[in-house]
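If you read the protein sequences in the order shown, they are chains A and U. First residue of the first sequence: 1, per UniProt numbering; consecutive thereafter. First residue of the second sequence: 1, per UniProt numbering; consecutive thereafter.
By construction, these hints were calculated from the structure, which means they are not laboratory data. The structure displayed is predicted, hence computed values, not measured ones. Glycine included, every Cβ here is placed at the ideal spot set by N, Cα and C. Each hint should be verified, as a subset may be incorrect.
Here are the simulated SDA-like cross-link-like pairs (lysine to any residue), alpha carbons at most 25 Å apart as the crow flies [what the hints assert, rightly or not]:
#, chain 1, residue 1, chain 2, residue 2
1, A, Lys206, U, Lys14
2, A, Lys206, U, Trp43
3, A, Lys157, U, Glu145
4, A, Lys26, U, Ala129
5, U, Lys210, A, Asn252
6, A, Lys227, U, Val225
7, U, Lys206, A, Gly253
8, U, Lys206, A, Lys26
9, U, Lys206, A, Leu159
10, U, Lys26, A, Leu39
11, U, Lys14, A, Gln55
12, U, Lys157, A, Leu39
13, A, Lys206, U, Ser98
14, U, Lys227, A, Lys26
15, U, Lys26, A, Asp38
16, A, Lys157, U, Ile54
17, A, Lys14, U, Arg149
18, U, Lys206, A, Phe24
19, U, Lys26, A, Asp57
20, U, Lys227, A, Ser98
21, U, Lys228, A, Glu183
Covered by chain U, per the in silico footprint, the following chain A stretches (three or more residues, Cβ under 8 Å) [stated by the list, open to error]:
#, segment
22, 25-31
23, 129-140
There are 2 protein chains.
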Amino acid sequence: MSNMLTIVKTTNPKSKPPQNQLGFGKHFSDHMFIMDFDLENGWHSPRIVPYAPIQLDPAAMTLHYSQTVFEGLKAYRTEDGRILLFRPEQNLERLNQSNTRISIPPIPEKDVLEYLKQLIATDHDWVPAAEGTSLYIRPFIIATEPNLRVSPANTYKFLIILSPVGSYYPEGIHPVGIHIEEEYTRAVRGGTGTAKTGGNYSASYKAQEKASAHGQSQVLWLDGVEKKYIEEVGSMNVFFKINGEIVTPALNGSILPGITRKSIIEMLHDWGMPVAERRISIDELCQAYKENTLEEAFGTGTAAVISPIGEFAYNGEQMIINERKTGGLSKKLYDTLTGIQTGKLNDPYGWTIEVK
Amino acid sequence: MSNMLTIVKTTNPKSKPPQNQLGFGKHFSDHMFIMDFDLENGWHSPRIVPYAPIQLDPAAMTLHYSQTVFEGLKAYRTEDGRILLFRPEQNLERLNQSNTRISIPPIPEKDVLEYLKQLIATDHDWVPAAEGTSLYIRPFIIATEPNLRVSPANTYKFLIILSPVGSYYPEGIHPVGIHIEEEYTRAVRGGTGTAKTGGNYSASYKAQEKASAHGQSQVLWLDGVEKKYIEEVGSMNVFFKINGEIVTPALNGSILPGITRKSIIEMLHDWGMPVAERRISIDELCQAYKENTLEEAFGTGTAAVISPIGEFAYNGEQMIINERKTGGLSKKLYDTLTGIQTGKLNDPYGWTIEVK
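With the rest of the complex left out, here is chain A (with noise of 0.2 Å):
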């Protein structure tokens, strides 16, 4: 079995759709990136080769027991049209602690930084230059042995898909409203909420349907123990800032990991603004909204990267935020980290990665 990438480029490339058109998630490029992995040989037979259907056994384990991780990062179009990454090693990093959790082997975190460098060079037309957009990078693995036991598989497929995205959220940077989960549970210590695998993320769905019927945006959900204390919007990290204080929940074995969160939490450590990482109570948000001490409230995420909360819904009532504008911190960190993703500004923490 070879590990030397090889690549079959397509000899039918797609027209690619208007840039003020993309959406999330709904468009592909033309070639996309498999390995295999089996006991015998290990993750191998690196290949980029044209965007196509799988083939997938009906017992392919991932299909009954959604063994199954995955990774979302981005490159971005600089002015001067270079293709920038943003901290790649980080979700790679990541993916494989996420492996860990769902006892999938390692994947080779260097090798696969080549490739996904690669397949990039290889759609580099596909990165597009709008702005806003940016060219979404997903990685993920299933489990492929055709088996009905309950245990991890025996064979794998790692694979990264490209999709030109715009903004995440329709509404863009306006400021969303939140609809605040009691019922519902995202995750609880013990299970898989450190970990992007999929399974956290269809069990949300329940509670995102109760969202929208409340004319809400997205779910804030509360901790699986107590339903006490805050842990994540949708599938974002969440800060608030409370008279001054810049606040978010600390990872406390149910929370994901954000890299946008990480990032955040670096740059306002740099600006001499420390971030609390601690617990912070569904009470205390409550407190400080009477006490009108609830400055700004806003979503991180590799999708949308900053996302301005406007408005919280709990218990039938409302919560406005800064008058449902997008607050000053908000807009500051937002213009700072994409200008910095985009190559708009300068980046001092070396987080960015160019594609040639």
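Fit chain U to the supplied structure of chain A, relying on the hints for placement.
Chain U alone, transformed into the frame defined by chain A:
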């Protein structure tokens, strides 16, 4: 779009594995059932086709967000050559309960029961006859829409595959050892524990690795909130006989409502031996062991039917139950339930359905 079942038979039937080497979920029959869902047509195009790989777009939502549900039931060969299904309508009802939790459109249960019977009739020679064998039936639904947005898909596939199986546990009806898990969590109230969805199963592998490392066969799961109350064993429900009382954890919103569990409760009620469905703590179990009143323990599920427990390992201590021998109640339940399932005993409950 048609809703008439079509059947395309294989022209290349497989050779059947020896009935004494079936194992669990390794071999698959000659045909499978498929139907599709889209928003315009609902569930449509039911068909029985030769067992073969399916094609999925690499962006198919089930591969990323694990929007999937499944069921497991069995067909048994009677001594006079007939084929019996055990309470299949219960499985289809539960599949729709899982669908509701995972935001998948409901299936037409009555139609699907007919399709299932037709599939088994088509592959009737795949129902093995040897002692302890059966045909395991795996209905499952996967989200097929190629899209990376985090929300329910607009297209799905429902499949049924068939696997001739021996005993699920290589140890057979002999009692197994159980590791009591204190770190990892299977499910929590508000989560997906009551649904048969893939994410619950891959989430359990890490704890199973610990059990194996401790020389035990299966994991005993404690509740996710207090880590104090007993929920399930492996992927089975669990029963205890303590000082003459038969106890099983009450369905509390994080325990799977097992059909074997339900059948056993109904049988025991019929025998004048009511089952207490209540909370049972690990402390109560330890106390009963110390007082020599922990008479029997067993897991229940479709795959194993009854799996006697011979030992619990907890905090470095061993609790040996009934000298590691199968208890009288476990044996009577196993013999009666498998007797009804295989037609050896009269079925006073109307649980079995013959496939003609």
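Exercise for the section: Please work out if lysine 206 (chain U) and phenylalanine 24 (chain A) have their alpha carbons no farther apart than 25 Å. Expected result: Violated - the C-alpha atoms of phenylalanine 24 (chain A) and lysine 206 (chain U) are around 33 Å apart, more than 25 Å.
Handout entry: lysine 206 (chain U) paired with glycine 253 (chain A) [C-alpha distance capped at 25 Å]
Key = It holds: about 15 Å lies between the C-alpha atoms, which stays within 25 Å.
Practice task
Below or equal to 25 Å on CA atoms is what counts here, so check lysine 206 (chain A) against lysine 14 (chain U).
Solution key: Violated, at about 42 Å.
Exercise for the section: With a cut-off of 25 Å on the C-alpha distance, tell me whether lysine 206 (chain U) and leucine 159 (chain A) pass. Expected result: 23 Å, holds
Problem - Agreement of lysine 227 (chain U) and lysine 26 (chain A) with the hint, judged by alpha carbon distance not exceeding 25 Å - result: 42 Å, violated
Practice task
Would you mind confirming whether the straight-line C-alpha gap from lysine 26 (chain U) to aspartate 38 (chain A) stays at or under 25 Å?
Solution key: Since the Cα atoms of lysine 26 (chain U) and aspartate 38 (chain A) sit roughly 17 Å apart, the hinted pair holds (cutoff 25 Å).
Problem - Pairwise hint evaluation, valine 225 (chain U) against lysine 227 (chain A), where the allowed Cα distance is 25 Å at most - result: Roughly 10 Å between the alpha carbons, so the hint for lysine 227 (chain A) and valine 225 (chain U) holds.
Exercise for the section: With a cut-off of 25 Å on the C-alpha distance, tell me whether lysine 14 (chain U) and glutamine 55 (chain A) pass. Expected result: The hint holds at about 20 Å.
Practice task
Take the C-alpha atoms of lysine 206 (chain A) and tryptophan 43 (chain U), compute the straight-line distance between them, and say whether it is at most 25 Å.
Solution key: 21 Å, holds
Problem - Pair hint lysine 157 (chain U) and leucine 39 (chain A), alpha-carbon separation not exceeding 25 Å - result: 30 Å, violated
Exercise for the section: With a cut-off of 25 Å on the C-alpha distance, tell me whether lysine 206 (chain A) and serine 98 (chain U) pass. Expected result: Distance of about 12 Å is within 25 Å: holds.
Exercise for the section: Verify the proposed pairing of lysine 26 (chain A) with alanine 129 (chain U), using a straight-line Cα cut of 25 Å. Expected result: With a Cα-Cα distance of about 49 Å, the restraint between lysine 26 (chain A) and alanine 129 (chain U) is violated, given a limit of 25 Å.
In summary, the numbered hints that this structure violates are 1, 4, 8, 12, 14, 18.
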